[in-house]
Amino acid sequence: MSTAVKSAVTSTQPATVKPTRKGDSLLSRFGPPLVVLVIIMAAWYGIAGYLLSIDKAFLLPLPHVIISDSFFPANGAKSIAPDLLRSLGLSTQVALFGLAISIVIGIVWAIVMSQARWVERSLFPYAVILQCVPILALVPLIGITIGYSFEARILVCVLISLFPMVSNTLFGLQSVDHSQRELFQLQSASRWTVLTKLQFPNALPAIFAGMRISAGLSVIGAIVGDTFFRRGQPGLGNLISVYASRVQTAELYAAVITSALLGVVIFLVFGLIGKLAVGRWYTSA
Amino acid sequence: MTISPTVEPPVVTTEPLLDFRNVAMQFANGTIALSGVDLTVSRGEFVTVVGPSGCGKSTLLRIASGLETASEGTVELATKRIGYVFQDATLLPWRTVQANVELLAELNKQPKRVRSAKAKEAIELVGLGGFEKNLPRELSGGMRMRTSLARSLTLDPELFLFDEPFGALDEITRERLGDELLRIFMEQQFAGLFITHSVAEAVYLSTRVIVMSGRPGRIVDEFEVPFDYPRDPDIRFTPEFAALSGKVSHALREGHA
Numbered sequence: 000m001s002t003a004v005k006s007a008v009t010s011t012q013p014a015t016v017k018p019t020r021k022g023d024s025l026l027s028r029f030g031p032p033l034v035v036l037v038i039i040m041a042a043w044y045g046i047a048g049y050l051l052s053i054d055k056a057f058l059l060p061l062p063h064v065i066i067s068d069s070f071f072p073a074n075g076a077k078s079i080a081p082d083l084l085r086s087l088g089l090s091t092q093v094a095l096f097g098l099a100i101s102i103v104i105g106i107v108w109a110i111v112m113s114q115a116r117w118v119e120r121s122l123f124p125y126a127v128i129l130q131c132v133p134i135l136a137l138v139p140l141i142g143i144t145i146g147y148s149f150e151a152r153i154l155v156c157v158l159i160s161l162f163p164m165v166s167n168t169l170f171g172l173q174s175v176d177h178s179q180r181e182l183f184q185l186q187s188a189s190r191w192t193v194l195t196k197l198q199f200p201n202a203l204p205a206i207f208a209g210m211r212i213s214a215g216l217s218v219i220g221a222i223v224g225d226t227f228f229r230r231g232q233p234g235l236g237n238l239i240s241v242y243a244s245r246v247q248t249a250e251l252y253a254a255v256i257t258s259a260l261l262g263v264v265i266f267l268v269f270g271l272i273g274k275l276a277v278g279r280w281y282t283s284a
Numbered sequence: 000m001t002i003s004p005t006v007e008p009p010v011v012t013t014e015p016l017l018d019f020r021n022v023a024m025q026f027a028n029g030t031i032a033l034s035g036v037d038l039t040v041s042r043g044e045f046v047t048v049v050g051p052s053g054c055g056k057s058t059l060l061r062i063a064s065g066l067e068t069a070s071e072g073t074v075e076l077a078t079k080r081i082g083y084v085f086q087d088a089t090l091l092p093w094r095t096v097q098a099n100v101e102l103l104a105e106l107n108k109q110p111k112r113v114r115s116a117k118a119k120e121a122i123e124l125v126g127l128g129g130f131e132k133n134l135p136r137e138l139s140g141g142m143r144m145r146t147s148l149a150r151s152l153t154l155d156p157e158l159f160l161f162d163e164p165f166g167a168l169d170e171i172t173r174e175r176l177g178d179e180l181l182r183i184f185m186e187q188q189f190a191g192l193f194i195t196h197s198v199a200e201a202v203y204l205s206t207r208v209i210v211m212s213g214r215p216g217r218i219v220d221e222f223e224v225p226f227d228y229p230r231d232p233d234i235r236f237t238p239e240f241a242a243l244s245g246k247v248s249h250a251l252r253e254g255h256a
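From first to last, the protein sequence lines are chains A and B. Sequential numbering from 0 applies to the first sequence in numbering that gives the first Met the number 0. Sequential numbering from 0 applies to the second sequence in numbering that gives the first Met the number 0.
To be clear, the hints were calculated from the coordinates, so they are not data collected in a lab. Each hint should be verified, as a subset may be incorrect.
[Stated by the list, open to error] Derived lysine-lysine pairs resembling DSS-like cross-links, with alpha carbons at most 30 Å apart: (1) Lys132(B) with Lys117(B); (2) Lys132(B) with Lys196(A); (3) Lys79(B) with Lys274(A); (4) Lys79(B) with Lys111(B); (5) Lys119(B) with Lys196(A); (6) Lys246(B) with Lys196(A); (7) Lys196(A) with Lys77(A); (8) Lys117(B) with Lys77(A); (9) Lys111(B) with Lys196(A); (10) Lys119(B) with Lys132(B); (11) Lys132(B) with Lys274(A).
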């Protein structure tokens, strides 16, 4: 859990979408991380093999054992695949709903703040507070006050993933070049025109970067909500709690890896969407 | 130095398009950028202002365009069609050349067909035909500045304000764009007010060179440029050109001291 909180704190600076450099071959892009993966797997097998030899295999099962125990269990036990898929579906749904709401609220909030200095001064502190409050501490409270429903899970997602949308959008709206603003001013362009034809398009790269960060956070939100609620519709977090309490390590690893993959996939998808939307004109210096 | 009747350029027959009388500018923080500036620009004139950096040359343009209001003196403008070319091209990176050039007409709510045709014409005029669909990032610095120029041309400006537009370009591009600008000037017959810190550029382009002192900016001297248009690029290497450039440089140095 501590890693989740850490990434929520460190990844919220206005970031930018980096385009792939031209001339990168497939090998130079995917080669190095693949080498690292091989090293990690080798280390995993090494450690797991050692643990097996001292009869503590439950701490870290061998990778292929995780797969066989979870999906192709011996002696008549059930595969966890149906449970895992159902939970994955639910958590994905919660995360995407929460993200969508964060995107809408975050953009609107930032646009409102960009319109006047005093509005920004009045509202931005609350965005910061939202970011500073340990959301995890609020989760049990949410459970008690509004229940353990789908909506409560979405609320956790929104609370966790909102800030990057607000701060990135605001940064993008405000980072319009001074002389470009004057160009519009010289034609007596209205506030609305400046917003729609200058500020908003200018903010798009930052908005997409924020979306990518928020997407990762909302997956965290979905799983955190589950683990704390421990009831309602079982998402990936519930599954993780259940396997942990029964010390079913292989199944636990399978569920953890599945949630990690969900986070990575959502992150990549939003990165791709951003690249498709603004990659044509946007180059980070 | 104020404008005396003897230095009025002979070509001017119409009313002045831009008239500064005793203009001063003091910013809120107390900095005095301009003091006692008298300046007239008429149709058919291409007036260049040279001065050390920070002397308020740009402030002069900003007042003329309405981006700033002078704290003293009167400013009269006889036209609303004002083109303003910024120091950098200020293109919108998400718009193609065509869409960038259409921008000002679009902001002025001109119908799509009119502004599209106008933009095409301006793009041809600055020699960028064929690049309509390119994005700014795909263009060189000189081509971006041409796009910026085309964008202002769509306003059919009667008064054209240039704020060191070629300052960031290399010398060859700069000279070529200067020649293009003069060609367009002769075709369109606007009044130009051009800010630069290059003496050679000032003398080559303009009908009149105005020298400003360091802060607070005052007009310290003024020179008529006797060369006829169209100007041969090689006049830069004539003794007359060198002599005039020398005089401007001297005035600049004295004003700065």
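Outcome of the hint check:
Between Lys132(B) and Lys117(B) the alpha-carbon distance is near 16 Å, which keeps this suggested pair within the 30 Å criterion. Taking the CA atoms of Lys132(B) and Lys196(A), the gap is about 19 Å. The hint holds against a cut of 30 Å. Annotation: proposed proximity of Lys79(B) to Lys274(A) is violated, straight-line Cα distance about 42 Å (limit 30 Å). The suggested pairing of Lys79(B) with Lys111(B) holds, with an alpha-carbon distance near 22 Å, which does not exceed 30 Å.
For the hint pairing Lys119(B) with Lys196(A), the CA-to-CA distance comes to about 21 Å; that is within 30 Å, so the pair holds. Distance restraint check for Lys246(B) and Lys196(A): the Cα-Cα separation of roughly 47 Å exceeds the 30 Å cut-off, and the hinted pair is therefore not satisfied. Simply put, Lys196(A) and Lys77(A) have alpha-carbon atoms about 57 Å apart, too far for the 30 Å limit, and the pair is violated. Only pairs whose Cα atoms come within 30 Å are accepted, and Lys117(B) paired with Lys77(A) is rejected, the gap being roughly 72 Å.
Restraint check for Lys111(B) and Lys196(A): the C-alpha separation of about 16 Å stays at or below 30 Å, so the hint holds. A hinted pair counts as satisfied when its Cα atoms are at most 30 Å apart, and Lys119(B) with Lys132(B) qualifies at roughly 11 Å. As the CA atoms of Lys132(B) and Lys274(A) are separated by approximately 20 Å, the hinted pair is consistent with the 30 Å bound.
Checked against the numbered hints given earlier, this structure breaks hints 3, 6, 7 and 8; the rest are met.
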